[in-house]
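Add chain B to chain A, keeping to what the hints say.
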Amino acid sequence: MKRKLLSILIFFVIASVLSGCWDRKEIETRGFVLGIAIDKYPPTPQAEEKGAPGETPPKEEEKLEEMEVHTGKDQYAMTVQIPIAKKTGVSSTGGSGGTSDGRGEGANSWEITQIGNSFMSMNREMQSRTDLSLYYEHLQVIILSDRIAREGIENVIDFFVRDPEMRRVVKVFISEGQAKSILDVTPKIQDYSSVYLNKIPMNATKNSRMISKTDLGEVIKSIHAGLDFVLPKVIATVDEIKTSGGAAFKNGRMVGWVSELEVEAIKFIQNDYSGGVISIPSPEHEGGIVVMEVTSAQTKVKPVIQNNELSFDINIAVKGNYAENINMHTHAKLSQELINKLEKGYGKEIERICKQTVSKMQEEYGADVFRFGQILAANEPAYWRKIEGKWDSVYPIVGVNIKADVSIRLLGIVQ
Amino acid sequence: MKTNTDRLNPIQAMTLTTTSILSVEILRSQQTIAQIAGQDAWISIALGGFLSLASGMACYLLASLYPDKDFPEINLDVAGKFIGRLLLLAFSVYMILYVSLSLKIFAQALKMFLLDRTPIQSLVLFMAIVAGYAVFKGLYTIGGVVDIIFPFVMITIIAIILLSIPKTNPIYLKPVMFDNTKDILKGVLPSFQNFTGFSFILYFFSHSDNTRSSIFWYMAGILIPMVLYISLTAVSIGVFGVKDLLTLIFPTLTLLKEIEFPGTFLERLEAFGAVLWIVIVFASVVSFYYMSTRNLVVLFSIKSKYLKYVVWGLIPVFYFIAMYQESGILVLEYPQRVSPLQTILGLLVIPTLAITAFFKKRKGRSQ
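Protein chains in written order, with this note's numbering: chain A, 1 to 415; chain B, 1001 to 1367.
Next comes chain A alone, as it looks inside the complex (with noise of 0.2 Å):
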């Protein structure tokens, strides 16, 4: 009888303890983050903007924002995105904002700023404007002002590292001018900003201008062996985002803006190129533009020590098709011939922009973008030894000789 009495105890002891309540949380109770914006303060991001009719003025706005800190003064401003659950189902995909911040009656998604000065702090004072629990695990994009940037981006990465919340794969976007601005906007085709910008990258594999290692991870990764890295520039209207083009860090500090064609040159050197167009003008017709689609490209870097005088010997080797002409009035089949100068010609133009990507970075910016102390120290760990200490100066004055090996597979349908 006491034995029976003792195994009833203890299952009920069991079943109340194992029944796994410990962490449990209601999903609907749950805030998902799906994006964070961080800018500079002052000023709040809302100053920036015009306010709309009927909307709370920014000054009032801007008390909820503040926080009492323990220590220094804020300096941050993160914005966070969450989706509105109620409404998702309802609506109709692109929203139907028509303020002037494209946040309206029918937005999806609430943009929450927050001022601060560290990110777990502004992260907790969140909850008190919000029912929700904030939850990160599904964190899509992080979006740095250039102003934050220039600073340094390890300033304010930590949190976004160390919780465990947070994974490695969220993509990291550098804004020109405000960053919680990206977060406004209400894209055509998709309810949430933050979905739609983690989603573009993906396109990398079609246009070679875009940066696709764009990873918390590998940035941090990249932070902590010391090298320099590009990440991609994020672009917005009320309702279109764009993302092109690049900023190089240097020791984790963003010392300048990489346009479209240097991206593609950089992709090139790193042997990131996946796909994209290149066009140069016809030799034969005047005026004529050759386009080609770039289908594989592959890159060896090799560093050459002669005479104890480094230098790097990039080799591309490009395989495409023939894409399309313009301005070419011709009729004509296509000879081989004219191939061969086309090879040629889409050789000298990859090396052009090459070069001129390599100096521009060498000689303004001082930026290891394309990692040839790493391929160095990999190579050559006898010399790289040596110039360890000194490689900021080295890099810079270094020898590079380009040489691009294009040939032309298929010319479409028509001859």
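What the hints contain is simulated information worked out from the structure, not anything from laboratory work. If you're wondering where the values come from, they're calculated on a predicted model, not measured in any experiment. Watch out, some of these pointers could steer you wrong.
Okay, the calculated beta carbon distance ranges per label pair [what the hints assert, rightly or not]:
1) Pro1151(B) <-> Asp272(A): 53 to 61 Å
2) Ser128(A) <-> Thr1247(B): 30 to 38 Å
3) Val1176(B) <-> Asp272(A): 50 to 58 Å
4) Asp1147(B) <-> Glu151(A): 53 to 61 Å
Straight line, CA to CA, 27 Å or less: simulated DSS-like cross-link-like pairs of lysine-lysine [as the list claims (entries may be wrong)]:
5) Lys250(A) <-> Lys1243(B)
6) Lys341(A) <-> Lys403(A)
7) Lys1137(B) <-> Lys2(A)
8) Lys1167(B) <-> Lys250(A)
9) Lys300(A) <-> Lys1243(B)
10) Lys386(A) <-> Lys1182(B)
11) Lys1111(B) <-> Lys25(A)
12) Lys1137(B) <-> Lys302(A)
13) Lys1305(B) <-> Lys4(A)
14) Lys1243(B) <-> Lys390(A)
15) Lys1305(B) <-> Lys2(A)
16) Lys1174(B) <-> Lys213(A)
17) Lys2(A) <-> Lys1308(B)
18) Lys1167(B) <-> Lys213(A)
19) Lys1167(B) <-> Lys300(A)
20) Lys1305(B) <-> Lys302(A)
21) Lys1174(B) <-> Lys386(A)
22) Lys386(A) <-> Lys1243(B)
23) Lys213(A) <-> Lys1111(B)
In this text, a Cβ means the ideal position worked out from N, Cα and C, and glycines have one as well.
The following block gives chain B in isolation, referenced to the frame of chain A:
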């Protein structure tokens, strides 16, 4: 630990050895070794693995010389009552510490990545109780549980490694062995520590039906985790690079966070991985728990009807050792502090015992 007539089959030598070697170390061994040997950590692990194969041979020899006794009994037989007991005491201390530290590090990782509001005390306690129950049921049950666990463990770890390969950048592994030989060698003994579970054979050999193929299954049991550890380390270095790897506390779990799986369905792949490493830790905790129990039983000549007191009595011991250090940083340093004991036992004591036993037996036969 009921005595039963059921016996283990030779293939279970592989599953039992593999799962007892794959321990909580799988969460962070890359980091520990990379700290010493840099980008060549995988070479250290390979060398440590070969060392454990050699030591494993000695274990097998020792076990096969006494096919009806398990290690504590063999120990008393070979080394004599007094020295044997002293050695047994050392083994017991090591294994109890090992179980406790595994429980603590496991709970710490679990709390960090999954159950952030569950008290660490209850995580440790429940894991110990569940492991204790398996130990209480005996080796045959442990063998059965491990048979179920084994394929899942293999699939998960191999999946983690394969899915990480697209993210791997081989340049992080270069230069290979450049002016680094000294550090690689320094990393060998700490790597050897990862394989400490191979001695489990000494405890289950007498309970299994042994054929001539047993040794191959046993060697496979050491080789599988060896290959997994080497590739996991190489992949981790390839994905993170040494400098970033050194900043991570549980690189394997971060690796899961780094994997990008096409499609949103498996957006959080780490959830699956996280569930399965609990099982990995469980299996190794169970085997060391079992070994500790056997050690204590023989050490204090406890009668078999009091066995259950030993099994359940160990739980508070594990609990208090695990809870002793609260600091997360210091706890992670403890395994390295315990490791010299393991090195001495595994590389010195067991081979010496095996050789002594070998000659003793031969002498006995020739007389």
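A quick look at each hint next to the structure:
Remark: the range hint 53 to 61 Å for Pro1151(B) to Asp272(A) is contradicted by a beta-carbon distance near 38 Å. Checking the proposed 30 to 38 Å range against Ser128(A) and Thr1247(B) shows it holds: the Cβ atoms sit about 32 Å from each other. The hinted window of 50 to 58 Å between Val1176(B) and Asp272(A) is violated, with their beta carbons roughly 24 Å apart. In this structure, Asp1147(B) and Glu151(A) meet the distance hint of 53 to 61 Å, their C-beta atoms being roughly 57 Å apart.
Our distance criterion of 27 Å between C-alpha atoms is met by Lys250(A) and Lys1243(B), whose separation comes to about 17 Å. Under the criterion of a C-alpha separation no larger than 27 Å, the hint pairing Lys341(A) with Lys403(A) is consistent with the structure, at around 16 Å. About 23 Å separates the Cα atoms of Lys1137(B) and Lys2(A), which keeps this hinted pair within 27 Å; it holds. For the proposed pair Lys1167(B) and Lys250(A), the alpha carbon gap of about 23 Å is at most 27 Å, so the pair holds.
Restraint check for Lys300(A) and Lys1243(B): satisfied, since their Cα atoms lie roughly 25 Å apart, inside the 27 Å limit. Of the pairs offered as hints, the one joining Lys386(A) and Lys1182(B) holds, with about 20 Å between alpha carbons and a cut-off of 27 Å not exceeded. The straight-line distance between the Cα atoms of Lys1111(B) and Lys25(A) is roughly 16 Å, inside the 27 Å bound, and the hint therefore holds. For the hint linking Lys1137(B) to Lys302(A), the alpha-carbon distance of about 62 Å lies beyond 27 Å, and the restraint is violated.
For the given pair, Lys1305(B) sits about 22 Å from Lys4(A) by alpha-carbon distance, which is consistent with the 27 Å threshold. With a CA separation close to 20 Å, the supplied pair Lys1243(B) and Lys390(A) stays within the 27 Å bound. Straight-line distance between C-alpha atoms of Lys1305(B) and Lys2(A) comes to about 22 Å, which keeps the hinted pair within the 27 Å bound. Taking the CA atoms of Lys1174(B) and Lys213(A), the gap is about 21 Å. The hint holds against a cut of 27 Å.
Under the criterion of a C-alpha separation no larger than 27 Å, the hint pairing Lys2(A) with Lys1308(B) is consistent with the structure, at around 20 Å. A distance of roughly 10 Å separates the Cα atoms of Lys1167(B) and Lys213(A); the hinted pair therefore holds under the 27 Å criterion. Of the pairs offered as hints, the one joining Lys1167(B) and Lys300(A) holds, with about 19 Å between alpha carbons and a cut-off of 27 Å not exceeded. Between Lys1305(B) and Lys302(A) the alpha-carbon distance is near 72 Å, which puts this suggested pair outside the 27 Å criterion.
Between Lys1174(B) and Lys386(A) the CA atoms are separated by roughly 17 Å; this keeps the pair inside 27 Å, and the hint holds. With a CA separation close to 20 Å, the supplied pair Lys386(A) and Lys1243(B) stays within the 27 Å bound. Between Lys213(A) and Lys1111(B) the CA atoms are separated by roughly 31 Å; this puts the pair beyond 27 Å, and the hint is violated.
Comparing the model with each numbered hint stated earlier shows that hints 1, 3, 12, 20 and 23 do not hold.
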